[in-house]
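> Sequence:
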Amino acid sequence: MKINFNKMNSKSPCIIVHGGITHANDPWIMEKISAVVKSASRGYSSLISNQNAVDAVEDALWWLENDEFLNCGYGCSPNDQDLVEMDASMMNGTTSQSGTILCLKDVEHPISVARYVMENYSNKIFSNELMKRMKNIPRFWMPPGNMDPVSERDNEVKNHSCGCISWDGLNLVVGSTGGGPRGKPSGAVSDAGIIGCGLFASETLACVITGPTDSLVQLNLASEVVDETEELNACPETVLKKHVNLLKAVGEAAGGIILHSSGCTGIYFTAPCMPYAVVKDECIVYGWDMCQRHYRKYSNVDGKNICRCNIEMQNF
1 MKINFNKMNS
11 KSPCIIVHGG
21 ITHANDPWIM
31 EKISAVVKSA
41 SRGYSSLISN
51 QNAVDAVEDA
61 LWWLENDEFL
71 NCGYGCSPND
81 QDLVEMDASM
91 MNGTTSQSGT
101 ILCLKDVEHP
111 ISVARYVMEN
121 YSNKIFSNEL
131 MKRMKNIPRF
141 WMPPGNMDPV
151 SERDNEVKNH
161 SCGCISWDGL
171 NLVVGSTGGG
181 PRGKPSGAVS
191 DAGIIGCGLF
201 ASETLACVIT
211 GPTDSLVQLN
221 LASEVVDETE
231 ELNACPETVL
241 KKHVNLLKAV
251 GEAAGGIILH
261 SSGCTGIYFT
271 APCMPYAVVK
281 DECIVYGWDM
291 CQRHYRKYSN
301 VDGKNICRCN
311 IEMQNF
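Each residue of the sequence shown is one higher than the one before, starting from 1 at the first, in UniProt numbering.
Certain hints may be false.
As the list claims (entries may be wrong) - Straight-line alpha carbon distances no greater than 27 Å define the calculated BS3-like cross-link-like pairs of lysine-lysine that follow:
#1 Lys124 <-> Lys184
#2 Lys105 <-> Lys11
#3 Lys105 <-> Lys132
If you are wondering where the hints come from, they were derived from the structure by calculation, not from laboratory data.
Quick caveat: nothing in here was measured; it's all calculated off a predicted structure.
Using the sequences plus the hints, can you model the full thing?
Right, dumping it as structure tokens:
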């Protein structure tokens, strides 16, 4: 299947964000939708302010890590010791650079640490204990206990990570951040911390997937989606759907987002809900189920409407 990119301007910035798969009766679904729309808007604001795709991914996921309703940063689910351990990764497909932080504690924004690792170290995978020994990064740390679970979110079951992909016209960057399943064994790693399985990027295509970590690892799923799409010159969303449905066939729910450097986006999930938002050409498309997509004019996180577009629905 050939991809029709004729309506897309490959130099136009674009960002896509997801807030993790969830169940149909999630009492906080509207809060999660609001969070991903604001997150994508924040990242897009960075892109149109002459910042790059790395900045946009960090800014977008930074926003989600401040939100108690999502399984990342401040909202992370606790492990079996009732403590928060966080994973985060970032990959620049254009440069093939990547950075990963595993089982991080007492840090408000794991995605910022992942970026720091990507840009400053030849060893691209760091553990919490190794990071603590680094004397030149005290700015990331918080006093012990500040990231422990709080009662407002303690009863909410949140098992899946959040992700973001950004294109600035030159660089294609993907990031993921999450705390793993509630009650996971201390030291266990989530899909947010495994490049190739939960996220992957090349020069022209990036994908981030959330779901059962063991299955994502066995299938090397994000990398497989990118490789097959490029090899077959196929529709990105079609290939994403094919691979996510492999998990559905064995009774496992998953979801993901994919972005081509042309601006072609794809969203697919087999769980009842996955809040997501896409911003490009100064317009937003967002949703939470596979049945409907909603459209609105772009506004920045302060609510100021700056949209000047009249975009067609099919361009998304």
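> Please name the hints from earlier in the document that this structure breaks, with their numbers sorted from lowest to highest.
2
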